[in-house]
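Let's have the full structure, built from the sequences with the hints guiding it.
Okay, here's what each chain looks like letter by letter:
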Amino acid sequence: MSRLGQQPGERIVRSQKLSFTFDGKTVEAFQGDTIGSALYAAGRRTFGRSFKYHRRRGLMCVAGQCPNCICAVDGAPGARACTEPARDGIAVTHVNALPSLELDAMRATDLVGGPFTPPGFYYKTFMRPRRLWPLYEKILRNAAGLGKLRHSQPEREWRTEYRRRHADVLVTGGGLAGLHAAIAAARLGADVVLADEGPEPGGQQLVGGELTEIAALVERARGAGVEIIDHGSALGYFDGLVPVWQNDTLHQVRAARHVFATGAIEQPLVFAGNDLPGVMLSGGARRLTSLYAVSPGRRAVVVTTSDRGLHAAVALRAAGVQIVAIADLRPDAGELARQLRAEGVPVFAGHTVIEAKGSKTVSEAIIAGIDPTHPDEHSFECDLVVVSGGAIPASSLLLQAGAQSAYDPARGYFALSRLPEGVYAAGEVAGADSDEAVTVSGELAGLQAAHGLGLGTDESTVREAALQQIAGMTERAEVAVPTVGGSDSGAGRGKCFVCFCEDVTSKDIHLSIEEGYDSIELSKRYTTVTMGPCQGRMCQLPSVRLMAQETGQSLGDVGVTTARPPWVSVPMGIFGGRPVEPAKRSAIHPRHRDLGATIKWAGDWRRAYDYGDPQGEALAVNRAAGLIDVSTLGKLIVRGPDAGEFLDRLYPNRFSNLKPGRIRYGVISSDAGRIMDDGTICRIDDETFYVTTTSSGAGAVEEWFGWWLADWGDRVQLTDVTQGLAAVNLAGPRAREIMAAAAPDLDCANDAFGYLDARQARVAGVECLILRIGFVGEVGYEIHFPSAYGEHIWDALMVAGQPHGLRPFGLEPQRILRLQKMHILVGQDTDSESTPFGAAMSWIVKLDKEQDFIGKWALEHYAQQPQAAALVGFTMPNGEVPTEGAVVIDETGTPAGQVTSSRHSPVLDRTIGMAWVPEALAHDGARITISDAGKTLTAEIQTKPFYDPDGEVLRS
Amino acid sequence: MNLDFLIAAADGAVARSPMESEARAAGARFEVRDGWNVAVDYPGVAAGPVGWADTSHLRTLELQGPGEAIDAAAGESLPFGTAVRRDDAWWCRLTGTRALVIGGTEPVAGALDVTSTFAALTLVGPLALEAFARFCALDLRPGRTPVGALRPGSIGRQPGILIREDEQRYLFLFGWATGEYMWSVVADAATHLGGAPVGVDALVTEPVRA
Amino acid sequence: MPMSFLLECPNCGVREVTDFGFGGEVSARPQERPSFRELNTYNYFRRNVAGVQREWWFHRSGCRAWFIAERDTITNDVKFTALP
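Protein chains in written order, with our numbering: chain W, 41 to 996; chain X, 36 to 245; chain L, 4 to 87.
Treat each hint with caution, since some may be false.
Unchecked claim - Here are a few chain W residues that face chain L, going by a calculated C-beta distance under 7 Å:
1. G263
2. F278
3. D279
4. L281
5. D711
6. A712
7. E743
8. G746
9. W747
10. W897
11. H901
Said to hold, decoys possible - With a straight-line cut-off of 25 Å between C-alpha atoms, the simulated DMTMM-like cross-links for lysine to aspartate or glutamate are:
12. L:K82 to W:D279
13. W:K188 to W:D288
14. W:K640 to X:E215
15. W:K889 to L:E41
Source of the hints: derived by calculation from the structure; they are not laboratory data.
Keep in mind the model is a prediction, meaning the values are calculated, not measured.
For each residue, glycine too, the CB sits at the ideal point set by N, CA and C.
This is the structure in structure tokens:
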């Protein structure tokens, strides 16, 4: 165990021990450890194998940013060992190495495959023969990647909570700046949420061991009413909505103002062997030391471009690490370097690292002067190379929010240049680099956010102005901008990695530019640089620098790739939403379940498809009687002095002359003359109509009616009672007797209650609207009544029908029955191009109607045009049932139409169907050819209904 | 003919909520009250920090017409965004020409009975807001949604109408046909917070007048 | 551009965009009988501006009223909403 003595800021609780397994071996840890810190303390240096070359990778950032320590926890891939808390009993496994992490056979791709695996090599190499691609793909998928998903997951293994949180201000990032911003805004009365990635707020300050100060700030924040979401990762910015992922909860935070205090990301340097285990970012080395009391190594070479690395050297020395050399890119490394030198640490100013060597871990580092004319190389034995390539603002979320950035040559990075309204940046992300500057910018952003909401006092306004002034005067630290020196000087020494996620080297970028991918967005897509799990944290800037060097452009001209969510890698499952699908169910649904119906989706309804015997159910309707639940029909009440005229303008036929108590069929056409929906309209009284629509069209028709009403302003009131009324259709030769038995007060004689009549009557004590219509082709009563009595009416009718052989029937037998009558199903037999003329419903279009109606102009046009195709019925002499959607072909074999419906009719005992066919064939007795999944079938056209062609049964 | 077939009131027939099966499975005890089979309590089910009650039996009327006519029927000017309590009913203006009257028994001239167009649930308890936060994007923070506030909007991914009836009591209406679905959504969210279904007899506090 | 902006229903107030149905850009139905070409232009052609346009919205999850919004199609910034 390489645990150090008590560290001032350590988070481990040494009195609480726990253990977990890594690849089956037990690992001891303390409460507060991460998987990574415990493994490192136990001596592990190799944490995973890289994406493509299967190179060893070890801890680098220790902040959950780089991809090097990705592992699987209890079988779920994608965890970062360095930030994933160690929990007792978990089973951790490595990813992407076979047979084991230490002995990875695929390592050969690195040793020999290097020159043969440039970007795009899959597609260049495995092009031919094409038939082998499935095999290649399988091999490649096994070889690459950062983990495997388990294939069979019958149930979701963990539950995601979705929690909506509205806030006045969301502060993202809980370091010094974020805490000050949250406190400032909350104190002015704002409702503030603060999301921080760490187990507790504090950010960089925790690494510095400044625990008391941070604890006091957190206390103040809570006292001011700030809700702190710890372990909370902001995933993206969606028009003011920021999803924050915390353990198993996705907080969807909708805030009026946003403060981003997301800090900065320390950058690696590009040099040969820069991915060897033991090459660690300075922040990573410091976190291991101070948070977990784990020594990152014994002998370290420190390479830096600013004071950041020197501070790390000081801290590591204090923890007992020997600093064998410091290479500082700056020609004058400054005061801190002089102090270190005075203490005997060799500091090489104007030097940087050009190669790290070692087999399993670093054993040697070579540094050289940056002046190419005086290489001045030095070699040092070491087990740790601490790298600090400067820090870039973690501005992705701000850029997603619409902020702009511009290249800052003095800093060597893209700095924020303009923020959108209502969005503020604070702390390091805004360029502040001392504790004082960070504090000022945090409080300032908090005040601005609150002031933007109209909160504040005279005092706070004065304070904002004062802070503005201080912020303008803050001095900034000295940094040196690396030229990605490593890529040149490292050439010939070995691979210099730009992207650790997907193993993209400086050479790959060079090649991609040579092949013409010379814009950063193209290079990204070609090499996949910035597209891996780190989302550009480690590779964005180095790739831009390389591109600039190679193409001679300025960094500002090269620009950066678009920032996109998610900013943090998360399990796909959290985007799945709640595992409950919105479903509508009829009020009679429990009865269908009791009867063992096959329940299927029909639009957004769960419907009884059949009760186990669709053919028998259909036959029962033709021979005796059947009862079907049609509660899913759309139902609208249209009332008012203009109601009749309103419907006349919406339908091609006329309703203003419909008599109360009578029903008429209607087809809704768009202004393009296409069929949108159909249904029946019943006139209740002079000013009241009861309109039904198809089940799937209910919502759209209500919106369509409402839309024209909003435009025209007629004196009409619409009420959608689709869900308010249940409806059943009682149909069959015995339906009249059953209806009479169920509604004793109703005269059901044909001359008293004829076809297309509507009546009002009590059924089993409930007031019902009864429509005599016949979608299924038999004498039929469509009974509408309040949903609250769904089961009651169903039961009453089943009892009344029992002596008459009444059977329930489902959607499937209804489809057989309606097909026997050639009643079309909008959307099944018609599509978005169908006109009433093509669908054999010319009779419904009243072009002589005096007033304008929707679709009139287009229908007038189509009335004069010859129809190219017509919807007709067909039968199959040989009894086959063609697939719905099968193609009707002409004599040359060219597609000329399609089958829209086909079924076996039990009452006729033959195959019946409907199809769109060329107009020339749309007459009785014509033969058509159907091509159905390789078979050629012959059908005979029939234009009149198959069953009861003259409607005598229906009207009887 | 007339529109009496809309009215959920019948002799010899008991009106049932679309969530009756769910309530029964959760242990409800029912009583027929004013023609409705109502889940009045849940014997043996301990109350939690959030409770939900099936209140689909509340009569709901719809008034349409010119704004002045609606105000005249209400007896006062109906505001947007606030439900007005009168005659044991919530008077809710939805648009300039449409209002709902939820609850109560007094007849309202010219209104359509749409009781069984809407199912209803009442959420009560200190964690009611947290439960809503799990299936609803409405801003229900107390400062934004004071007692008496009326908030039509998406609830459980369905059209909804919410009224904050009291400090810790929220009534919301949604489509009758989505009853079973909505029960599962609310039960899922509330159970996870330690909640349990409650009968209407547990809704002891009278909704206060806005 | 992720679509998560807010829209103010003139009746109900501010809601998530997912509360609403989109009715397309506002275009006038011809007053007089159009030529076939004019009819097809009205039926099938949209201006599809990159910038501010007037469009129809429907508060599907709330009051179920249609209203007009003026929205910048590039930024999703909604300038105003009003009943027709």
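How the hints compare with the structure:
1. G263: violated (31 Å)
2. F278: Result: holds, 4 Å to nearest chain L Cβ.
3. D279: Interface hint status for W:D279: holds (4 Å vs cutoff 7 Å).
4. L281: Result: holds, 5 Å to nearest chain L Cβ.
5. D711: holds (6 Å)
6. A712: holds (4 Å)
7. E743: holds (6 Å)
8. G746: W:G746 check passes; min Cβ-Cβ to chain L is 6 Å, inside 7 Å.
9. W747: holds (5 Å)
10. W897: holds (5 Å)
11. H901: W:H901 check passes; min Cβ-Cβ to chain L is 6 Å, inside 7 Å.
12. L:K82 to W:D279: Holds, because 15 Å separates the two Cα atoms, which is no more than 25 Å.
13. W:K188 to W:D288: Given pair W:K188, W:D288 holds - Cα atoms ~21 Å apart, limit 25 Å.
14. W:K640 to X:E215: holds (16 Å)
15. W:K889 to L:E41: holds (22 Å)
Hint 1 from the list above is the single one not met by this structure.
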